[in-house]
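Novice: These are the residues of each chain, in order.
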Amino acid sequence: MIAYTIQRLATGLLTVLAMVTLVFLVFQAIPGDAARMYAGPDASPEAVERIREELGLNLPVHVRYASYMGRLLRGNLGESFITRRPVTTEIRERFPNTIRLSLCAITLAVVLGMTMGLVSAIHEGGVLDIVLTVTALAGISMPSFWLGLLLILTFSVRFGVLPIAGAGTWRHYLMPVVCLSVFNIAFITRMTRSSVLEQLGEDFVRTAQAKGLPQPAVWLVHVLRAALIPITTIVGLQFGYMLGGAVVIETVFAWPGMGRMLVRAVSLRDIPVVQGALLVFAASVVLINLAVDLLYGLIDPRMRRDRR
Amino acid sequence: MATLGALLVAGFLLTAVLAPWLAPRDPYQMNLRGSLKPPGAEYLLGADYGGRDVLSRIIYGARLSSIKSISSVGLGMVVGTIMGMLAGWYDQLEGFIMRIVDLLLCFPSIIIALSIIAILGAGLENVIIAIVVGQIPNFARLAHGLTSQARNRLYVESARSIGARDFRILSRHVFPNIMDPLIVQLTLSIPGAIMTAAALSFLGLGVSPPTATWGGMLHESLKWGRSAPHVAVYPGIALMLVVFGFNTMGDGLRRALDPRARKAGRQVG
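Protein chains in written order, with numbering that gives the first Met the number 0: chain X, 0 to 307; chain Y, 0 to 268.
Note that these hints are calculated values from the structure, not bench results.
Using N, Cα and C, we set each Cβ at its ideal position, and we do this for glycine too.
There's no promise every hint is true.
Derived CB-CB ranges, DEER-like [said to hold, decoys possible]:
(1) X:LEU8 / Y:GLY144: 44 to 54 angstroms
(2) X:ASN75 / Y:ALA163: 54 to 64 angstroms
(3) X:ILE298 / Y:TRP20: 17 to 27 angstroms
Rough simulated footprint, nothing fancy, chain X against chain Y, three-plus residues with beta-carbon under 8 angstroms [what the hints assert, rightly or not]:
(4) 105 to 111
(5) 114 to 120
(6) 128 to 139
(7) 215 to 225
(8) 241 to 254
Pulled from the structure, derived: some chain Y residues nowhere near chain X, Cβ distances all over 10 angstroms [said to hold, decoys possible]:
(9) LEU21
(10) ARG62
(11) ASN151
(12) PRO175
Could you put together the complete structure from these sequences and hints?
Specialist: Spelled out as structure tokens, the structure:
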């Protein structure tokens, strides 16, 4: 297990390294002059030249790559074109808000989705199953930002019970968390249902029933545990996609997070901020995948043995 | 269920093609006296802030939505499938191509799209490019898996034994045999692409106004939805119905074409 953990950590590190390189290369392809963009439209040619030298844009690509990597290792992501503050500061102020929002949403999605999926599977073919299946299909097709608009119109504008924007109290969390999790509630419901139904025919289920375990114990202890493996994979994958969803939802609810920062930076073409946000998002996804891989060992003892 | 989905998809495509004949009014005709008028006899689904007919704008929006989503997923499928097939066929290329694919998979598709918009700027072509890049990895991964399985099949061996070259084997023999799952993936990728395109317009980073797009209409309703909820409700319903249609049709196709893949193991951004 330890060797496996080290190996996974090394792969994760290499992935991040490759990602950083990819982001560097892609942003070399920006049409137009970065020095000009940084200096602003009114700057004199001399000022643009000076900035070009300050930013090292007149140097060859490999020199710039080396200095970019060097700066990254020292935790320096450059400066925002717009606010002129370090990108790391901008990110540090907002990232926790995004993480809090996503964690609430994924928790809600896992709890509700697994419950609904299990209930649906237990009542396979029954009315409850059909209702839940159709609900899940609708949930998968629901554009989250539209749901956000509808919730705002209903609960903030019409009834005036929930705040429209910001991230102060628990009441601020309700609507964004629901919007962000609705796709995943539906997705995990479907996943749990099919995964549980697949386990039902297995020998260990029959054994559990034969030794006289009460039915709820069979479902919760044996079936659900075996069904957890595919569900964990999905939750890991979806957590990354949820960070993507947060980009849109944060804009709807004016949530002071990374997503809203990214959207603003894109519309103002504030490249250093876009680059920084991109790196943080992708690194988070790599970290989550790593965590999921390590979790497998805990859930499924077979994996532990196989990997030795 | 799948039939209902197919009907919705057919309705969507027909609307897109027949938009000029179906729309009751000019979607760009401003009429300030009709500003934010609620649904009624004059405007079936109401009017937006500029007094433009919401129904007509939704109908024209179907056009742009289908162009963006189908062309980008189609392009993504072509590029992704070629990359995946090459990776599955040539061992020398496998490591390189699949590492790039793995890297791309680390970025949620909307974030890839946003970065590309940041680099290239908004506009229809750039939006399409932005969505294509996000589509490539799924197709590449699928085609890679399918091709490396197909390599050991008898039909490949027999084609090789009669002296067929790699290109011919890949295009004439392997591709037709791995096409079904790719088509299922195509159908299931379209709703994600529609959502990403709508999300970009909604964020104000898609095709520029006054072009009628569903996401753009929802973007405007951020301002006017409070006094006129209809501008927020109807474009969203259209969006949801179309996504629902593609999802259920795709599910049905998958069950029909690939009985082995019953699991819902799929990601939509």
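Novice: Taking the numbered hints from earlier one at a time, note which ones the structure violates and give those numbers from smallest to largest.
Specialist: 1, 3, 6
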